[in-house]
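Using the sequences and the hints given, assemble the complete structure.
So the chains spell out like this:
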Amino acid sequence: MNRNFWFRFLEWFCPPALYEGIEGDLLEEYEADQQERGMRKANLRLAVNVLRFFRPGIVLRNRFKFELINTIMFTNYLKVASRNIVKRKLYSFINAFGLSIAIAFCTLIYLFVQDERSFDQFHENKADIYQLLTTQFDPEKFKKGEKDFYSSNPYMPAKLGEVLLEEFPAVQHMTRFNNYNQGVMRYGNKNFTQKFASVDSGFFNMFSFSILAGDRDKPLRKVSDAVLTPEVARKFFGDEDPIGKTFTLDFDGRIVPMTVTALIEAPAANSSLTFDMLVMMDALPWFQRSRPNWGNSSFPTFVQLLPNTDPQQLKVQLDTIMNKYQSGYKAGWREWLKPPEGVEPRVFTYQNLTNIHLAKGVYWDRNSDPMYSWILSGIAVLILVIACINYISLSLTTSASRRVEVGVRKVVGAQKKQIAWQFTFESLMLALGSMLIGLILVLVFLPYFNEFTSKGIELTYHSMLPVIGIAFLIATAVGLLAGSYPAVFLSGFLPALVLKGRFTSKLQAGFTKPLVVFQFFLSACMIICSVIMYRQMNFITTKDLGFDREQIIVVPTQTGWNAQANQTVAALRNALKTDRNVVSVAGVTAAFNKGWSRYGYKIKGENKEAFVYGVDTDYISLLNIKLKEGRNFDGRTSDSLGVIVNEALVRDMKWTDPMTEHLNWREDTVGLGSPVIGVMKDYHYMSLEHAVEPMFISLDNGMLTNILIKLTPGNTPDKIESVKKAWLELYPDRPFEYTFMDEDIAAQYDKHTRWSKIMGLSTIFAILIASLGLFGLSGINAVNRTKEIGIRKVMGAKLTSIFVLLNRQYVLYAIIAFVLAIPLSWYAMNQWLESFEFAITIGWQLFAVSLLAGLFIALATVSYHAIKAALINPAETLKHE
Amino acid sequence: MSKEFLGEFEELVLTMAGILQDEAYGNAIVNEIKARVGRDVNLSAVHVTLYRLEDKGFVKSKMGGATNVRGGRRKRIFTITNAGLSMLRAMKESRMDLWKLIPQLKMIGI
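Sequence order for the protein chains is D and H. Read in order, the letters of the first sequence correspond to residues 1 to 881 in this note's numbering. Read in order, the letters of the second sequence correspond to residues 882 to 991 in this note's numbering.
Please note that the accuracy of each hint is not assured.
[Stated by the list, open to error] Reference excerpt, derived from the structure (chain H facing chain D, CB under 8 Å, subset only):
| no. | residue |
| --- | --- |
| 1 | Gly907 |
| 2 | His928 |
| 3 | Val950 |
Source of the hints: derived by calculation from the structure; they are not laboratory data. Where is the CB? At the ideal position from N, CA and C, for every residue including glycine.
The structure is reproduced here in structure tokens:
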């Protein structure tokens, strides 16, 4: 290493003021050494000497001194900044408003994402708990050419968990978990429908839901034991001690007495497992029936492995079990799914408890798509960027008034760095101020946000701290980011030029133009997306579904899946016959958005699938479903054999004359199957996310557990009251519950409605912030050109031409922005619309509407200043010259 | 004034700066200490001490004129200030006062 290296090194760490003196001394010594001891020694001694200079006394010298000056100037900066904020109230307001909304947005989104990630994290054993999955070859995915052509679902054979627990020593606990059981619970004179979950005893060992009272050791010992959450206990037992109380549970056609053995903590809002009441698996007759059957996969199953067990072992064990117990079914699956050679038709897999929530492909009642977190974060960042751009462009365009200040500061001796720091400090101050407002906004809007996103986020004293931390981080980042460009720009003024007064009153901050275009672009994207989403939601909620959905209430029979259900429908129809409030009463196995059943059957060696609804004779007339051919069911006894099919099924079967056909859906080997007695026009029995698939209705298929009641138009609550009276006379011990069919149908789109609302709201905020920024900018622009306008007016320019002159550029910006925004939003919205089978087409009209809306908003904002400027008497502006 | 103290090495360097007057720069002080006291001191230590003395106001520094030696680099010349001089004097006097308190007879006794 030669001496130049060492000197460069010295130069790097040494404060510049000291460098020359030190370098000189070192050189002198080096020269002396060279003569006395020779080149090599001299080089060595130089290196040692330089290294010895690398000490705090040299390296850090003077660094703290600058800091000292900055803190001295601190109070001054604070004073000047606050004076500026007060002096330019409008701009301060625009900036603070935009930034605080942006910060509030970002904080809320942070809370959302945090909540999404916090699901099931509260379980102590979360690392060792796995949910078992049935993973099956998916012919549709395979056809689309997807690499992962498997679909998973959490429904397992009942025996699987038991066998794992017995045969695999690493499985410590196991529980099955079905939470869709429903029955009528009665205590004293109280009766309500009550959902309940059935579990195994392992449940209490695995999950961290604490037992609040009662048997902590083993809460469920007998099939008649029940564990309640405090809320349910209060509902039925009021203030009495619920432990040991006996109530009856009416489900599955039986009435059984149950005893409360314990109270359990209700699952938190961020728990994937939800329940109000727990009973043993064995309490369910249908569990006992399907338990020995390896072909019936209906039971979500969780296992807990011994700590530090490699879950890969579990996979090996699952494969073994699959081969041992289910090999008999494989041929059938293979024939049904037709996977290519070498691909397993079905395997068992697993996923960790904490992955359930964001595994969007696996059905689970509370899981969600991580995509939403991304979209929301994207929107938050967009709004933040728009607010930052406001800040940058406003501080650049208003910088004229700060020039003299910068000039004087520089003349007095401020360095460029200090002035940059001053402006950064100002933007930091504004950002931190906005942060406080933003945090208040978060507190105010959190309930609405929860409602929008259907979350239960709560801000406690404890969780507030990270929120404040995040808000502080965002604010600081924004302050530095938004402040840095103006700081560099403003600190670059040359004092001589500025103070001589030879600068024009118009500021050429060329950088603001692309910023404004970019801002327009972001707003345009959001406007287009909102317009399209709004149109689509409008389309699906008003589209003719092929039947009447108004004035119909849906009443569950509260009987469970048995013959009582059909009797209930008939009895109620009879009771309401004379009621003038009721048009008609019909029974159906599954009402809209309340389940469905689909049959797979084989006709002439071909696999066919169709949705099946069991109905009664009044179904078609009540819903006003149009028949294309044939007739409705009437009283004939032979009708119980017949089916009415929809057009899609006719197409699927390639029937030319459906009235002569039979549908052999029960795979009757002797007869021809059910005769087709009618063809319905296609109606949307499923949501518009799906095409109308083959479907038929039959009088003889299952239990009519839902009653449809069509009411006459007019005062609905009174009419419902009259139905309720009739019901309670018939069944005083069954709760009367009802929903409106049109609301049930709308609820299918809850997710989409929610997202279009969120999008709409974000767009409003984004537009508001961007418009405010634009308002400020156009104001400055008008003031900059006051003199020009005066001269033009003196020369005879018309009001309109001045108006056009001032607004022309904004119109141009808006159009450029829209042209840029169209492809992006078109792509994004196409992706979204793909989730609907029935979607609007994105035509140029939608873009034109968005463009016009955007232009209108932009023009409305800038016009105030333009008109004001155009109306000023030129004498006022020119007389000072 | 009385609250300021000088360390032994600081005092040595300050004294040398006083001795060398217009020729007091880093290397010269190192050589002077070597010549008069026989101590090998490190250049960087001398520099740091000089800067510290400057911070305390006992020396002032300015850049000297360019020379042909040492690659044309200018020297940083340190001159002792009045405060530095009075500090040295005060230290010398307080040491003399203490010295006087040592019983001289003992010396003779040896």
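We went through each hint and held it up to the structure:
1. Gly907: Since the shortest Cβ distance to chain D is 4 Å, the answer is holds.
2. His928: At 6 Å from the nearest chain D Cβ, H:His928 passes the 8 Å test, so the hint holds.
3. Val950: holds, 7 Å
No hint from the list above goes unmet by this structure.
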